[in-house]
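Q: Given the sequences, and given the hints that come with them, work out the whole structure.
There are 2 protein chains.
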Amino acid sequence: MTKTAAIIGGGVIGGGWLARFLLNGWDVNVFDPDPQAERKIGEVLANARRSLPMLYDVALPDEGTLTFCDTLEEAVKNAAWIQESVPERLDIKHKVFAQIETFAPHGAVFGSSTSGFKPSELQQGMKRPEALMVTHPFNPVYLLPLIEVVPSPKTGTDTVAKAKEILTSLGMYPLHVRKEIDAHIADRFLEAVWREGLWLIKDGIATTQEIDDAIRYGFGLRWAQMGLFETFRIAGGEAGMKHFIEQFGPCLKWPWTKLMDVPELTPELTDMIADQSDAQSGALSIRELERLRDDNLVAMMRALKGQDSAAGALINTHQMQITPKKAPDFSKPIQSADRIIPVDWTDYNGHMNESRYAEAFSEAVDFVMGSVGADAAYIASGFSYFTVELSCQYQAEAHAGQKITIESQIMLGEGKKLKVHHRMYAKDGTLLATGDHFMLHVSLKTRRTCNPEPDVLKQLEAAAKAQANLPDPREKRG
Amino acid sequence: MTKTAAIIGGGVIGGGWLARFLLNGWDVNVFDPDPQAERKIGEVLANARRSLPMLYDVALPDEGTLTFCDTLEEAVKNAAWIQESVPERLDIKHKVFAQIETFAPHGAVFGSSTSGFKPSELQQGMKRPEALMVTHPFNPVYLLPLIEVVPSPKTGTDTVAKAKEILTSLGMYPLHVRKEIDAHIADRFLEAVWREGLWLIKDGIATTQEIDDAIRYGFGLRWAQMGLFETFRIAGGEAGMKHFIEQFGPCLKWPWTKLMDVPELTPELTDMIADQSDAQSGALSIRELERLRDDNLVAMMRALKGQDSAAGALINTHQMQITPKKAPDFSKPIQSADRIIPVDWTDYNGHMNESRYAEAFSEAVDFVMGSVGADAAYIASGFSYFTVELSCQYQAEAHAGQKITIESQIMLGEGKKLKVHHRMYAKDGTLLATGDHFMLHVSLKTRRTCNPEPDVLKQLEAAAKAQANLPDPREKRG
Numbered sequence: 001m002t003k004t005a006a007i008i009g010g011g012v013i014g015g016g017w018l019a020r021f022l023l024n025g026w027d028v029n030v031f032d033p034d035p036q037a038e039r040k041i042g043e044v045l046a047n048a049r050r051s052l053p054m055l056y057d058v059a060l061p062d063e064g065t066l067t068f069c070d071t072l073e074e075a076v077k078n079a080a081w082i083q084e085s086v087p088e089r090l091d092i093k094h095k096v097f098a099q100i101e102t103f104a105p106h107g108a109v110f111g112s113s114t115s116g117f118k119p120s121e122l123q124q125g126m127k128r129p130e131a132l133m134v135t136h137p138f139n140p141v142y143l144l145p146l147i148e149v150v151p152s153p154k155t156g157t158d159t160v161a162k163a164k165e166i167l168t169s170l171g172m173y174p175l176h177v178r179k180e181i182d183a184h185i186a187d188r189f190l191e192a193v194w195r196e197g198l199w200l201i202k203d204g205i206a207t208t209q210e211i212d213d214a215i216r217y218g219f220g221l222r223w224a225q226m227g228l229f230e231t232f233r234i235a236g237g238e239a240g241m242k243h244f245i246e247q248f249g250p251c252l253k254w255p256w257t258k259l260m261d262v263p264e265l266t267p268e269l270t271d272m273i274a275d276q277s278d279a280q281s282g283a284l285s286i287r288e289l290e291r292l293r294d295d296n297l298v299a300m301m302r303a304l305k306g307q308d309s310a311a312g313a314l315i316n317t318h319q320m321q322i323t324p325k326k327a328p329d330f331s332k333p334i335q336s337a338d339r340i341i342p343v344d345w346t347d348y349n350g351h352m353n354e355s356r357y358a359e360a361f362s363e364a365v366d367f368v369m370g371s372v373g374a375d376a377a378y379i380a381s382g383f384s385y386f387t388v389e390l391s392c393q394y395q396a397e398a399h400a401g402q403k404i405t406i407e408s409q410i411m412l413g414e415g416k417k418l419k420v421h422h423r424m425y426a427k428d429g430t431l432l433a434t435g436d437h438f439m440l441h442v443s444l445k446t447r448r449t450c451n452p453e454p455d456v457l458k459q460l461e462a463a464a465k466a467q468a469n470l471p472d473p474r475e476k477r478g
Numbered sequence: 001m002t003k004t005a006a007i008i009g010g011g012v013i014g015g016g017w018l019a020r021f022l023l024n025g026w027d028v029n030v031f032d033p034d035p036q037a038e039r040k041i042g043e044v045l046a047n048a049r050r051s052l053p054m055l056y057d058v059a060l061p062d063e064g065t066l067t068f069c070d071t072l073e074e075a076v077k078n079a080a081w082i083q084e085s086v087p088e089r090l091d092i093k094h095k096v097f098a099q100i101e102t103f104a105p106h107g108a109v110f111g112s113s114t115s116g117f118k119p120s121e122l123q124q125g126m127k128r129p130e131a132l133m134v135t136h137p138f139n140p141v142y143l144l145p146l147i148e149v150v151p152s153p154k155t156g157t158d159t160v161a162k163a164k165e166i167l168t169s170l171g172m173y174p175l176h177v178r179k180e181i182d183a184h185i186a187d188r189f190l191e192a193v194w195r196e197g198l199w200l201i202k203d204g205i206a207t208t209q210e211i212d213d214a215i216r217y218g219f220g221l222r223w224a225q226m227g228l229f230e231t232f233r234i235a236g237g238e239a240g241m242k243h244f245i246e247q248f249g250p251c252l253k254w255p256w257t258k259l260m261d262v263p264e265l266t267p268e269l270t271d272m273i274a275d276q277s278d279a280q281s282g283a284l285s286i287r288e289l290e291r292l293r294d295d296n297l298v299a300m301m302r303a304l305k306g307q308d309s310a311a312g313a314l315i316n317t318h319q320m321q322i323t324p325k326k327a328p329d330f331s332k333p334i335q336s337a338d339r340i341i342p343v344d345w346t347d348y349n350g351h352m353n354e355s356r357y358a359e360a361f362s363e364a365v366d367f368v369m370g371s372v373g374a375d376a377a378y379i380a381s382g383f384s385y386f387t388v389e390l391s392c393q394y395q396a397e398a399h400a401g402q403k404i405t406i407e408s409q410i411m412l413g414e415g416k417k418l419k420v421h422h423r424m425y426a427k428d429g430t431l432l433a434t435g436d437h438f439m440l441h442v443s444l445k446t447r448r449t450c451n452p453e454p455d456v457l458k459q460l461e462a463a464a465k466a467q468a469n470l471p472d473p474r475e476k477r478g
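One line per chain: the protein sequences are S and F, in this order.
Taking my numbering, the leading residue of the first sequence gets 1, the next gets one more, and so forth.
Taking my numbering, the leading residue of the second sequence gets 1, the next gets one more, and so forth.
If you're looking for bench data, these hints aren't it; they were derived computationally from the structure.
Any given hint could be a false lead.
[To be verified] Some chain F residues judged to face chain S by a derived CB distance under 8 angstroms, without partners named: (1) ARG188; (2) ALA224; (3) GLN280; (4) ALA310; (5) TYR348; (6) SER362; (7) ARG447.
[Said to hold, decoys possible] Computed list of lysine-lysine pairs in DSS-like fashion (alpha-carbon distance at most 25 angstroms, straight line): (8) S:LYS427 - F:LYS445; (9) F:LYS77 - F:LYS3; (10) F:LYS154 - F:LYS179; (11) S:LYS3 - S:LYS326; (12) S:LYS242 - F:LYS202; (13) S:LYS202 - F:LYS118; (14) S:LYS77 - S:LYS95; (15) S:LYS179 - F:LYS202; (16) S:LYS154 - S:LYS127; (17) F:LYS403 - S:LYS445; (18) F:LYS242 - S:LYS202; (19) F:LYS40 - S:LYS242; (20) F:LYS445 - S:LYS403; (21) F:LYS416 - F:LYS465; (22) F:LYS77 - F:LYS162; (23) F:LYS417 - F:LYS332; (24) F:LYS179 - S:LYS202; (25) F:LYS118 - F:LYS179; (26) F:LYS202 - S:LYS118; (27) S:LYS179 - S:LYS118; (28) F:LYS118 - F:LYS162; (29) S:LYS154 - S:LYS118; (30) S:LYS40 - F:LYS242; (31) S:LYS154 - S:LYS77; (32) S:LYS417 - S:LYS445; (33) F:LYS325 - F:LYS3; (34) S:LYS416 - S:LYS465; (35) F:LYS162 - F:LYS127; (36) F:LYS427 - S:LYS445; (37) S:LYS416 - S:LYS445.
Keep in mind it's a predicted model, so treat the numbers as computed, not measured.
Cβ atoms here follow ideal geometry from the backbone N, Cα and C, with glycine treated the same way.
A: Rendered as structure tokens:
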């Protein structure tokens with residue numbers, strides 16, 4: 001399969017898709033007749049380039065090539081994935097898919113970003129309906145993993161399987177919606193909340209700010225990690241989910257239901273909402289709000305990654321897939337890190353906090369351990385290295401978004417002892433810091449030191465011997 | 001004001017309130033006739049004691065005294081805050097408030113945890129309605145900051161002001177609901193989503209697992225930090241909120257509205273939901289799910305704290321309030337840290353990661369800097385210290401939830417140079433690690449070294465002189 005994607009329709013959604021593909025190593029062709037398309041896409045891509053790599057502790061694949069095309073034909077003709085994100089009008093979407101199916105290669109996936117249309121509606125009149133499904137993303141598409149994959153009965157089963165595999169390889173989570181339905185799944189909830197919110201504003205109960213605070217200081221935090229039902233399961237406690245439903249189900253028929261009418265969006269109500277939103281968020285530009293949102297999302301998703309839970313577990317799985325697997329070469333310093341400094345590593349001085357240099361060296365020494373066989377499986381078998389001393393010498397400031405690499409050299413590797421020297425570099429070769437690890441091998445059962453298992457010891461001693469022939473890095477300048 | 005709270009009705013909600021007060025230094029009296037109350041409250045309190053302190057980088061106040069009372073009178077008679085969390089039946093709540101107003105001292109706040117009743121309904125027949133308001137919390141009450149404060153026209157304005165002040169001092173966020181309404185604000189949204197979820201399950205569109213994934217991998221992450229309207233404002237982009245409403249408002253009248261009827265909760269539907277929930281989460285007990293939820297919440301809230309945004313900004317404000325303010329005493333080692341190890345500081349070895357010792361020392365050295373006048377205001381004025389070298393010597397493992405303290409000693413403080421030695425201890429006095437900082441004073445404008453401002457230099461040199469008389473800590477055993 002060629003790794004080429006075609007993005008039909010730019011804007012915030014199309015641009016987000018584009019960034020996902022491009023930053024995961026795909027070539028991307030864009031077709032969007034809007035004369036502002038290149039600028040708009042450039043802005044989304046700048047946000048994505050800044051934040052997506054921060055989710056990972058390894059480098060993303062090299063970026064693919066981005067091509068702005070003059071015709072739809074040119075964009076789709078050699079694409080394995082064609083993503084439609086044009087305006088939400090069925091007639092426009094029909095026209096676009098008629099062109100796509102005329103020019104797209106056999107076997108290509110046709111995905112539609114539609115929020116509301118069913119795939120069977122989009123497939124009306126198509127000659128190749130089997131290629132089409134809804135692949136509905138969530139803004140910002142370059143950070144949020146959810147994609148609702150909605151096939152119709154006419155969509156090819158193999159095409160759905162292939163689409164899910166590709167989405168997973170992009171670090172996304174394909175949620176297979178088994179029956180097509182207006183608005184799929186997630187937007188039904190958004191719609192319900194939006195409707196209730198409009199009523200609360202119209203009735204003068206709450207402002208946009210108060211509604212947002214009611215969400216983000218309360219159930220929003222719950223939903224970011226467990227959703228609705230698992231949260232309710234806990235609320236039911238020992239009595240269980242059935243008890244919970246019996247207890248709270250009747251509330252559904254209480255006077256709250258009167259709010260299920262739809263409020264009329266009069267110019268007055270629209271103005272009221274827009275004014276409240278200005279009062280709430282008007283001090284920041286949209287760009288600044290996007291930056292704030294992305295920084296918050298990166299920090300929270302990295303927090304979940306640390307717990308290997310919810311969206312964080314997805315990132316860990318993806319990270320394992322994109323981590324390069326090559327046989328270690330101990331005839332030169334070990335390339336033990338290649339990563340981006342995430343926002344949560346900076347402090348009040350505006351630069352990477354001193355302890356995060358230590359964190360980077362800590363991950364680097366994990367890589368060195370893995371290269372001599374003391375990897376995750378070895379640790380799971382009951383052995384590890386514990387650090388006795390770690391020292392960091394700081395040479396230069398480093399900032400969020402900056403690429404860093406680390407070269408590590410085994411200075412001593414015999415018996416239970418392991419000494420590693422690290423040198424952290426900026427992209428331009430500037431030495432940012434050096435670090436020195438002194439570690440001892442331990443049994444995780446006794447928590448006491450012991451010699452490594454024979455295979456690891458053999459690999460370690462061979463590596464240490466090869467590295468001993470290298471010049472002493474501590475005498476290097478820079 | 002005496003810092004005594006009365007908790008009327010234990011359980012998950014009452015227990016959560018109890019933990020908030022107790023862990024913020026209030027004495028708490030509980031009245032709950034349930035013979036299982038003490039066990040149930042004990043379980044909630046154990047969860048709270050583990051997780052709430054992890055949100056802060058300083059110690060919480062000393063716990064108050066917890067008293068289980070045999071009568072309501074005994075519980076409320078000297079309480080400044082009385083929180084009712086009895087079952088959601090108006091007749092029961094009326095009986096309880098009749099007793100509360102009989103025995104409660106003048107000036108006490110009466111808060112009700114009700115999810116659905118309006119305060120005016122609760123006040124029916126009361127002699128002291130001015131004391132009562134709804135103070136509606138969100139589970140887990142010990143972690144989530146949101147409290148909906150809902151007064152009726154009969155509630156005293158001064159009582160509302162006092163209630164908001166107390167809630168803020170507990171690290172909570174009082175959202176003043178200006179007009180009483182069934183279900184207040186947040187639960188209207190929960191109800192709307194719950195209703196849509198029931199339909200999706202009943203119609204066989206999605207399972208509880210699929211619904212939860214649709215939430216937690218998508219909009220749940222957005223809502224944890226910005227809520228609904230600020231998120232939509234961004235989606236509207238440069239065209240603004242008004243444009244967004246005009247574009248998406250019409251969707252409200254699309255076929256999605258058919259789902260606004262309420263599905264009947266037949267035994268079959270109840271079983272279906274309970275079975276799906278078992279399939280999704282049954283491998284974990286409720287206790288394990290609570291632990292998972294609390295760890296995720298702590299990690300995400302700490303991530304937001306690092307960004308000083310959303311719920312994290314609330315924690316930072318509260319932390320400043322609870323940080324002890326005392327004049328530094330340089331005639332002994334500086335008590336530079338007193339905190340709990342949070343879950344996000346541990347690694348795959350199950351113990352505090354080596355880099356987090358460095359983080360704790362980094363915060364300790366900030367405290368030392370502050371004690372000689374190089375505090376946040378000084379940094380804002382354009383000066384700071386940058387670290388040249390930090391070394392950590394590891395003596396013992398430490399784990400999440402464990403209390404640590406750090407003693408720091410200024411080893412050198414002259415001109416632009418600052419050297420500090422740290423000793424980290426467990427609660428039982430075990431030495432966990434030592435650390436050594438070598439720092440240089442810098443101008444944040446030039447990013448180059450320079451002497452501190454005269455006042456800071458004077459304080460530093462005086463402190464260094466006083467500390468020089470202390471024994472060399474590096475010669476200490478333990």
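Q: Are the Cα atoms of F:LYS416 and F:LYS465 separated by 25 angstroms or less?
A: holds, 15 angstroms
Q: Checking hints one by one. Is F:ARG447 an interface residue toward chain S, by the C-beta closer than 8 angstroms rule?
A: holds, 7 angstroms
Q: Just to be careful, I want the Cα atoms of F:LYS325 and F:LYS3 compared with a cutoff of 25 angstroms; is the pair within it?
A: The given pair, whose Cα atoms are some 20 angstroms apart, holds under the 25 angstroms limit.
Q: Holds or violated: are the alpha carbons of F:LYS202 and S:LYS118 at most 25 angstroms from each other?
A: It holds: about 20 angstroms lies between the C-alpha atoms, which stays within 25 angstroms.
Q: Can the restraint linking F:LYS154 and F:LYS179 be considered satisfied, given a maximum Cα separation of 25 angstroms?
A: holds, 12 angstroms
Q: Taking 8 angstroms as the limit, does the beta-carbon of F:ALA224 come near enough to a beta-carbon in chain S?
A: holds, 4 angstroms
Q: Quick check on F:SER362 please, does its C-beta sit within 8 angstroms of some C-beta on chain S?
A: holds, 5 angstroms
Q: What's the verdict on S:LYS154 and S:LYS118, does the C-alpha distance respect the 25 angstroms limit or exceed it?
A: holds, 12 angstroms
Q: Could you grab the alpha-carbon distance between F:LYS427 and S:LYS445 and see if it respects the 25 angstroms cut-off?
A: holds, 24 angstroms
Q: Next pair to validate is S:LYS202 with F:LYS118; report whether the Cα-Cα distance is within 25 angstroms.
A: Roughly 20 angstroms separates the two Cα atoms, so the pair holds.
Q: Can you verify the interface hint for F:ARG188: is its Cβ closer than 8 angstroms to any Cβ in chain S?
A: With a closest approach of 5 angstroms, the F:ARG188 hint holds.
Q: Does the closest beta carbon of chain S sit nearer than 8 angstroms to the beta carbon of F:ALA310?
A: Result: holds, 5 angstroms to nearest chain S Cβ.
In the structure shown, no violation is registered for any of the earlier numbered hints.
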